[in-house]
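Listed in order, the protein sequences are those of chains G and V. Under this note's numbering, the first residue of the first sequence is numbered 1, with each subsequent residue one higher. Under this note's numbering, the first residue of the second sequence is numbered 1, with each subsequent residue one higher.
A couple of the hints might just be wrong.
[To be verified] As a list, the in silico DMTMM-like pairs of lysine to aspartate or glutamate whose alpha-carbon atoms are at most 25 Å apart:
(1) K155/V - D202/V
(2) K410/G - D202/V
(3) K435/G - D136/V
Hints listed in this document are in silico derivations from the structure and should not be mistaken for laboratory results. Small disclaimer: the values here were computed from a predicted structure and weren't measured.
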Amino acid sequence: MRSFICYTQLASLCIGSVFTSTCLSQHTYQYEYKQKTIDTLLLNEFQPSTLTLEQQRQELQWFREAGKTFQDVTVRVVSERIDTHHYESNVLAKAFYEITGIHVVHEITGEDDVIKKLQAQIFTGENLYDAYINDSDLIGYHFRSSETVRLDEFINNGGKDVTLPTLDLNDFIGLDFTTGPDGHLYQLPDQQFANLYWYRADWFAREDFKQRFLEIYGYPLGVPQNWSAYEDIAEFFSVHIKQIDGQQVWGHMDYGKRDPSLGWRISDAWLSLGGTGDKGLPNGLPVDEWGIRVEGCRPVGASVARGGALDSPAAIYSVSKYVEWLHKYAPPEAKTLNFTEAGKWLSKGNIAQQIWWYSAFTAELTKENPALLYPDGRPKWRMAPSPKGAYWEPGMKLGYQDAGSWTFLKSTPMNQMKAAWLYAQFVTSKTVSLKKTLVGLTPIRHSDINSEEMTKRAPYLGGLVEFYRSEGKYHWTPTGTNVPDYTRLSHHWWKYTGLAVTGELSVQQAMSNMAEAFDQDLLLIGKQQRNSCSPKLNPKIDPLIWLNKAGAPKTKIDEKPKGKTLFYKDAMNVWN
Amino acid sequence: MFGIKLPLVSIILIGILSLSCDLFAAEKLDEGTIKFVTFYDPPYIFDPSESKKQGLVQIILKSLMDNIGIKYSIMMMPPKRAELFVQATPNTCILPIEKSQEREVLFSWVSPIIVTKHGLFQMEKHTPILIEALDDARPYRLGSYLGSGIGDYLKSFGYLVDFATQNEANIHKLAADRIDLWASEILTAIYIAKAKNIEISDSRLDFFTTLKAIGCHPSLDQDIIYKMNQELQWMYQTGQIYNIVQKFKADNFSSKVK
Chain G
1 MRSFICYTQL
11 ASLCIGSVFT
21 STCLSQHTYQ
31 YEYKQKTIDT
41 LLLNEFQPST
51 LTLEQQRQEL
61 QWFREAGKTF
71 QDVTVRVVSE
81 RIDTHHYESN
91 VLAKAFYEIT
101 GIHVVHEITG
111 EDDVIKKLQA
121 QIFTGENLYD
131 AYINDSDLIG
141 YHFRSSETVR
151 LDEFINNGGK
161 DVTLPTLDLN
171 DFIGLDFTTG
181 PDGHLYQLPD
191 QQFANLYWYR
201 ADWFAREDFK
211 QRFLEIYGYP
221 LGVPQNWSAY
231 EDIAEFFSVH
241 IKQIDGQQVW
251 GHMDYGKRDP
261 SLGWRISDAW
271 LSLGGTGDKG
281 LPNGLPVDEW
291 GIRVEGCRPV
301 GASVARGGAL
311 DSPAAIYSVS
321 KYVEWLHKYA
331 PPEAKTLNFT
341 EAGKWLSKGN
351 IAQQIWWYSA
361 FTAELTKENP
371 ALLYPDGRPK
381 WRMAPSPKGA
391 YWEPGMKLGY
401 QDAGSWTFLK
411 STPMNQMKAA
421 WLYAQFVTSK
431 TVSLKKTLVG
441 LTPIRHSDIN
451 SEEMTKRAPY
461 LGGLVEFYRS
471 EGKYHWTPTG
481 TNVPDYTRLS
491 HHWWKYTGLA
501 VTGELSVQQA
511 MSNMAEAFDQ
521 DLLLIGKQQR
531 NSCSPKLNPK
541 IDPLIWLNKA
551 GAPKTKIDEK
561 PKGKTLFYKD
571 AMNVWN
Chain V
1 MFGIKLPLVS
11 IILIGILSLS
21 CDLFAAEKLD
31 EGTIKFVTFY
41 DPPYIFDPSE
51 SKKQGLVQII
61 LKSLMDNIGI
71 KYSIMMMPPK
81 RAELFVQATP
91 NTCILPIEKS
101 QEREVLFSWV
111 SPIIVTKHGL
121 FQMEKHTPIL
131 IEALDDARPY
141 RLGSYLGSGI
151 GDYLKSFGYL
161 VDFATQNEAN
171 IHKLAADRID
181 LWASEILTAI
191 YIAKAKNIEI
201 SDSRLDFFTT
211 LKAIGCHPSL
221 DQDIIYKMNQ
231 ELQWMYQTGQ
241 IYNIVQKFKA
251 DNFSSKVK
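Chain G on its own, in the form it takes in the complex:
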């Protein structure tokens, strides 16, 4: 509405002055108006900040000046459906327009749809969006394809005049995730969240439960360090406790509907912490958690027969545990739910623990809800490192982390790209980012996470601040560069594991078929990408030859070691 008033007044001013100063006052008025807008936004919206008020003002004035050459431009961007992006779409896009005059249509949709749209722009060559906020999981594709803009080159060349001098790239936590093995930066992080263990600290602290758990399992109830302990705790709540305060409770929550969101659950989490891949950060080398082996940067196979690990004992163990616990310990409805539907269950207050939980839902779980919060707002739950499966070894990644990041395609016209780049920098600028972090709780800057404000908020966020202040933030990593085309390969995950959930295929058959499908796709991708890092399959040999070598694919071991738990404080030290 402010803009409308502004333009009405502006129009009146111009009409009044047209015979005298030919609207000379327009520029002055616009300047003064925008200056007032900046001051209003600084005081009313962009507090707190790690910058001083004067530093913030200077940043916003820079945006105002930089936006002058894009006055008639409308920028279209698309991102997934989380609180951080709602804030950008509803508040920051409007503020950006008020400051710069650049219109932004910031569309919010499902993550799957974001990827389809990015794929569609590449497929059609038509400029559907000027920028995408897309998971850094696609880095393997971005650096191999010739479709994605290298941001470091853009910043130093075509985009130099529209790059914020105080952008401070080194302040971004997740820059390693968005940099290719070629050393080029392909994406700018916009929001970041980790996949962690979640549990009801209030229930775990109950003396009667602690006593009973010790009697049954012979070790203390605490934060599980391995899958054996997680399994015992799941059984303890689902089978032995059953009800708390008259409400049925469950010791495990997951989802099993055969749709694309099942794919993330398996590839982000189960195989990774199950120990399918090799040691190495950010991802296992030469075999990563997708079970893909690389030689140099060239993928050479996913099946054990080609040196991969997708149908290895570790992968079969991981998916078997997923299916078994879903059937035995999760609410019966879980088998028919997808990611979004299952995400709403924790708020009901009837889940004791969840092995995989995205910290992006912290904002949701800190909203008023007596089932999950004490009267003073402190949570009854905690986040902690996820327990590790039998094949996991020290030196491997500790979990999954997503850095939803600004991605620009070469098919976008330069003028549109520059305007979109301004918006991308605005929503990640230091002026804006601390407030955005407090709204969405998906921190991207070291300066924000180390701020006094975050120290004050820490007791109310269930461990989020502690995680991002620890070394953990470097050990929880996204999908890596072994995956040459995420969108093309990812559908296999849910299609094949979904058949294992329903029992149409055994886990072993499902993984074996999936490994074969991966190899076939790697072959095709290799024919299309044709560069020094494009896939080239190893010949098939006796799988035992690979299994008997050191590292992944790993030979079968004891898959049920004794359960191990730690007190919360000790469990948090695992991050360091």
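Model the placement of chain V on the given structure of chain G, informed by the hints.
Relative to chain G, chain V alone:
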């Protein structure tokens, strides 16, 4: 008793047999062709039994299939029935359909056959409602229709959505001030407004882009799916689709339609 039942059984059997013969004949007739099942969705799809006019998607489909040299036929059904029919019937495809997470597994996909945008429309003569971001529409009554993905999308974000049984009804509701903004696919809104001779303003905000696809029965030869996708990509990248869309707009709408 039997005397009464036997003729009834005979009639039913004859009915089943004749139906099977009809189906068999239809299958024989269509051997080697793909049957595309679609639904009335102007200006994208017109009913061939009612009009000689070709909708935009029908034109693109014809061009695509002619280019790859595969015979096809078109069959009209209501949308929900069309989807169920294609799920159950080999050698059929449905279009245009959104490739959602829920549908992903049900079909083999050729995508996108068309890219559309949704906008917010107002009456031309009413005092304009200023919409800079979708959030600005929050205080207003938004018109959509039952079964519309965009209506459900807006409702899921907490917008006040008023669902009509059909999209056509929304323009009358807009004129009668029963809704403030009409959330609709852009070409559809312009087509309906033109057909009803009611003036609406340009969309103030094109807030959502939709990819529409062809969804084929999973048993359809994957080589054909591959060929269709390859040709579609070629048509986009050589500007053929762009030219078809522009010509369609010029032939059917005023020059102000972007």
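Going down the list of hints, with the structure as the test:
At most 25 Å may separate the alpha-carbon atoms for a hinted pair to count; K155/V and D202/V meet this at roughly 23 Å. Between K410/G and D202/V, the direct Cα distance comes to roughly 30 Å. Violation of the 25 Å bound is thereby established for this hinted pair. Under the criterion of a C-alpha separation no larger than 25 Å, the hint pairing K435/G with D136/V is consistent with the structure, at around 21 Å.
In summary, the one numbered hint that this structure violates is 2.
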